[in-house]
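Build the full structure now, drawing on both the sequences and the hints.
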Amino acid sequence: MADEQPIFDYTSSAPWEQVIRSYGSSDDLDRTVEDMMANGTPGGETWEAIWDHEVRRFESDAEFRDAVRDVYETAGVNLLSVTPWTHDDVSERTGQRRDLARWQARFDAADWLHKVTSPDDARRVAADGDVGIVLNTQNLGGAIDGSLDRIDVLYNEGVRIFQLTYNYQNSLATGCNDTSDGGLSKFGRAAVDRVNELGGIVDLSHCGKRTTLDAIEYSDEPVAVTHATCQSVMDHYRGKSDEEIQALAEADGYMGIVTLPWFIAPGVDDPTLEIFLDHLEHAASIIGPENLGLGTDFYPADSRFPKPLLEYYKDHIVELGFDREKVEQRTIAAGIGEFETYEDWPVVRSKLAERFSDAEVAGILGENFLRFWERSS
Numbered sequence: 001m002a003d004e005q006p007i008f009d010y011t012s013s014a015p016w017e018q019v020i021r022s023y024g025s026s027d028d029l030d031r032t033v034e035d036m037m038a039n040g041t042p043g044g045e046t047w048e049a050i051w052d053h054e055v056r057r058f059e060s061d062a063e064f065r066d067a068v069r070d071v072y073e074t075a076g077v078n079l080l081s082v083t084p085w086t087h088d089d090v091s092e093r094t095g096q097r098r099d100l101a102r103w104q105a106r107f108d109a110a111d112w113l114h115k116v117t118s119p120d121d122a123r124r125v126a127a128d129g130d131v132g133i134v135l136n137t138q139n140l141g142g143a144i145d146g147s148l149d150r151i152d153v154l155y156n157e158g159v160r161i162f163q164l165t166y167n168y169q170n171s172l173a174t175g176c177n178d179t180s181d182g183g184l185s186k187f188g189r190a191a192v193d194r195v196n197e198l199g200g201i202v203d204l205s206h207c208g209k210r211t212t213l214d215a216i217e218y219s220d221e222p223v224a225v226t227h228a229t230c231q232s233v234m235d236h237y238r239g240k241s242d243e244e245i246q247a248l249a250e251a252d253g254y255m256g257i258v259t260l261p262w263f264i265a266p267g268v269d270d271p272t273l274e275i276f277l278d279h280l281e282h283a284a285s286i287i288g289p290e291n292l293g294l295g296t297d298f299y300p301a302d303s304r305f306p307k308p309l310l311e312y313y314k315d316h317i318v319e320l321g322f323d324r325e326k327v328e329q330r331t332i333a334a335g336i337g338e339f340e341t342y343e344d345w346p347v348v349r350s351k352l353a354e355r356f357s358d359a360e361v362a363g364i365l366g367e368n369f370l371r372f373w374e375r376s377s
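Under the numbering used here, the residue at position 9 of the sequence shown is numbered 9, and the numbers go up by one with no gaps.
Since the hints were made in silico from the structure, they are not lab data.
No residue lacks a Cβ here, since even glycine has one placed at the ideal position from N, Cα and C.
Mixed in with the good hints, there may be bad ones.
Label pairs and their calculated CB-CB ranges [stated by the list, open to error]:
{"no.": "1", "residue 1": "316", "residue 2": "31", "range": "18 to 26 Å"}
{"no.": "2", "residue 1": "25", "residue 2": "120", "range": "33 to 41 Å"}
{"no.": "3", "residue 1": "310", "residue 2": "152", "range": "32 to 40 Å"}
{"no.": "4", "residue 1": "375", "residue 2": "243", "range": "35 to 43 Å"}
In silico lysine to aspartate or glutamate, EDC-like type, Cα no more than 20 Å apart, as pairs [what the hints assert, rightly or not]:
{"no.": "5", "residue 1": "351", "residue 2": "340"}
{"no.": "6", "residue 1": "186", "residue 2": "220"}
{"no.": "7", "residue 1": "209", "residue 2": "250"}
{"no.": "8", "residue 1": "115", "residue 2": "157"}
{"no.": "9", "residue 1": "351", "residue 2": "281"}
{"no.": "10", "residue 1": "115", "residue 2": "128"}
{"no.": "11", "residue 1": "314", "residue 2": "128"}
{"no.": "12", "residue 1": "209", "residue 2": "243"}
{"no.": "13", "residue 1": "186", "residue 2": "157"}
{"no.": "14", "residue 1": "115", "residue 2": "66"}
What follows is the structure, given as structure tokens:
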């Protein structure tokens with residue numbers, strides 16, 4: 001990689017281009033998915049199968065591994081946070097462990113791809129010109145299924161970012177799109193304590209307002225909102241209010257901003273990256289540019305998202321707690337402005353210079369996250 005400093009993005013997943021290249025082209029992937037679903041394979045099983053195929057290619061084909069590395073080189077991102085996840089009809093904990101195994105297979109197969117478990121790791125990987133992955137969980141309550149000791153298991157497997165809830169209520173707390181917000185539960189407090197003790201990062205991106213404020217106040221260590229928006233710029237339940245951002249600032253926390261168009265610009269026809277910059281600038285006015293970063297959460301917005309899976313994916317994310325009305329406002333497989341595929345990531349980087357100084361841009365690109373990680377662990 002050209003950069004010797006970490007360039008950090010909370011992406012949620014490996015880029016779709018990684019799967020596309022494992023099949024040859026977008027058309028080849030679309031035909032494969034169409035055939036599977038025409039033969040009665042459910043959408044979730046199809047999703048799992050195409051990622052299994054990608055991992056097998058990654059393990060066995062050095063030329064393909066080089067092609068995947070080219071994706072990261074072109075994007076210019078060398079530190080990504082990804083979510084081991086499942087789309088199959090199994091428990092979240094079981095599905096997550098299966099995807100953790102996929103990631104371990106990738107780490108084992110490529111000498112340039114590394115599981116990053118500390119800021120020092122991140123800096124070393126970047127200095128070596130390699131790519132680092134920070135594993136996260138986006139629904140800690142579902143992942144541990146009632147057992148605090150499973151937080152230790154996740155930590156020992158390399159997970160470092162622990163989001164308390166997804167969009168809905170779990171045993172720890174309340175999600176951002178639930179009908180009421182009971183805040184952080186007693187069990188949730190114990191989970192925050194355990195994450196603090198281990199040196200992990202407590203993430204509140206999908207948490208409800210009361211839960212967010214409770215966790216900021218309760219945690220012994222600074223907490224993060226790794227990928228969200230600003231409600232004052234565009235009102236969306238995945239956004240954080242000025243009150244929450246101010247509380248995060250007072251607790252020495254960190255905030256990353258997404259680029260997903262249906263989050264940052266709900267109902268806006270043909271949104272551009274200017275709206276993304278508006279969110280960044282507003283967050284910076286409260287939390288400070290030194291505590292700000294990027295969490296594009298981009299992979300479902302990639303214009304190369306498999307077209308036969310679009311309707312399945314819309315249904316899936318509605319099941320995860322998103323409003324169907326808002327999901328239908330924009331096609332899932334549509335980027336924002338010039339950011340159409342993950343390989344277009346350099347345009348995001350170049351846009352930052354329109355609103356921020358060179359020093360602020362350097363921090364937003366990765367150093368702010370690393371400094372936060374150091375003080376939170």
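Comparing the hints with the structure gives:
Range check, residue 316 to residue 31: Cβ separation about 21 Å, and the 18 to 26 Å hint holds. Checked against the given bound of 33 to 41 Å, the beta carbons of residue 25 and residue 120, roughly 39 Å apart, stay inside it. Distance hint check: the CB atoms of residue 310 and residue 152 are about 38 Å apart, consistent with the given range 32 to 40 Å. As the Cβ distance of residue 375 to residue 243 is approximately 23 Å, the hint placing it in 35 to 43 Å is violated.
The suggested pairing of residue 351 with residue 340 holds, with an alpha-carbon distance near 15 Å, which does not exceed 20 Å. Distance hint between residue 186 and residue 220 is fulfilled; the C-alpha atoms sit about 15 Å from each other, no more than 20 Å. The straight-line distance between the Cα atoms of residue 209 and residue 250 is roughly 16 Å, inside the 20 Å bound, and the hint therefore holds. The straight-line distance between the Cα atoms of residue 115 and residue 157 is roughly 10 Å, inside the 20 Å bound, and the hint therefore holds.
Restraint check for residue 351 and residue 281: the C-alpha separation of about 12 Å stays at or below 20 Å, so the hint holds. For the suggested pair residue 115 and residue 128, the alpha carbons sit about 14 Å apart, so the restraint of at most 20 Å is met. Proximity of residue 314 to residue 128 is assessed by CA-CA distance (about 39 Å); at most 20 Å being required, the pair is judged violated. Among the hinted pairs, residue 209 with residue 243 is consistent with the structure: their alpha-carbon atoms are about 9 Å apart, no more than 20 Å.
A C-alpha spacing of about 26 Å is found between residue 186 and residue 157, which places the hinted pair above 20 Å, so the restraint is violated. At most 20 Å may separate the alpha-carbon atoms for a hinted pair to count; residue 115 and residue 66 meet this at roughly 18 Å.
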